[in-house]
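Colleague: Residue numbers (our numbering), protein chains in the order written: chain U, 1 to 141; chain R, 1 to 83.
For the record, the hints were derived by calculation from the structure and aren't laboratory data. Careful: at least some of the hints might be erroneous.
[Claimed, not checked] With a straight-line Cα cutoff of 27 Å, these simulated BS3-like cross-link-like pairs (lysine-lysine) come out:
(1) R:Lys63 with U:Lys117
(2) R:Lys63 with U:Lys59
(3) R:Lys63 with U:Lys23
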Amino acid sequence: MIRVQTEDFDPGIELERLRSRNKGQAGAMVSFTGLVRDLNAGDTVTQMTLEHYPGMTEKALEKIEQEACQRWELTATLIIHRVGPLDPNDNIVFVATASRHRKQAFLACEFMIDTLKTNAPFWKKETLPGGERWVEPGASG
Amino acid sequence: MVQLRYFASLRESLGIGDEQIELPDGIHDLPGLTRWLQGRDETWASTLADSRLHVAINQEIVKPDASITDGDEVAWFPPVTGG
């Protein structure tokens, strides 16, 4: 399941929903939550704005889920990505996997967030005290 | 008609996010369309010359020599930075 939204999300509630989708088949759930940092490349970040390519974004995220489900035995997956203006410490992204065994859940979760970072059409723009700048790829672990 | 879209820093540099144009006569692939757009002025020429740009046709990333047909949606954008 994928969601692209401006609203915040609650990682605890999302994990509970994921758990309820498993119907007892899963033995493990792994999740990753990405946050807005207040510092990037040595500069204070006061706000972050996420732009995306509506339509292509959803297709790219669904493809990432499908690929993960082909490579690992997963019982449920979830990707949530926020867009629009965000403040430091806000949630940006949530990736969660459920599987019969923890190893598969860990590997699939890492694969999904790593692939999202290189393949999904999102762009971050930072607001700094002195102005705005687009984030360079690879600069925002 | 083809739908052209530009995102993020590219959209700002070009001053436009999307447009619809008639596919120019004789243009049937991505290199041709990019060259045609670069002919608009200096800004277009230099902005679209960035070798790091990605292009998607109908919302799928394509290779630099992809073909283009009437009705396509073609998008140019810088390397992605989500997550």
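Colleague: Check the hint pairing Lys63 (chain R) with Lys117 (chain U) against an upper bound of 27 Å on the C-alpha distance.
Modeller: Given that 27 Å is the threshold and the Cα spacing comes to 20 Å, the pair holds.
Colleague: Is it true that the CA of Lys63 (chain R) sits at most 27 Å from the CA of Lys59 (chain U)?
Modeller: At roughly 18 Å apart (the allowed maximum being 27 Å), Lys59 (chain U) and Lys63 (chain R) satisfy the hint.
Colleague: Below or equal to 27 Å on CA atoms is what counts here, so check Lys63 (chain R) against Lys23 (chain U).
Modeller: violated (42 Å)
The structure does not agree with numbered hint 3 stated previously, though it agrees with all others.
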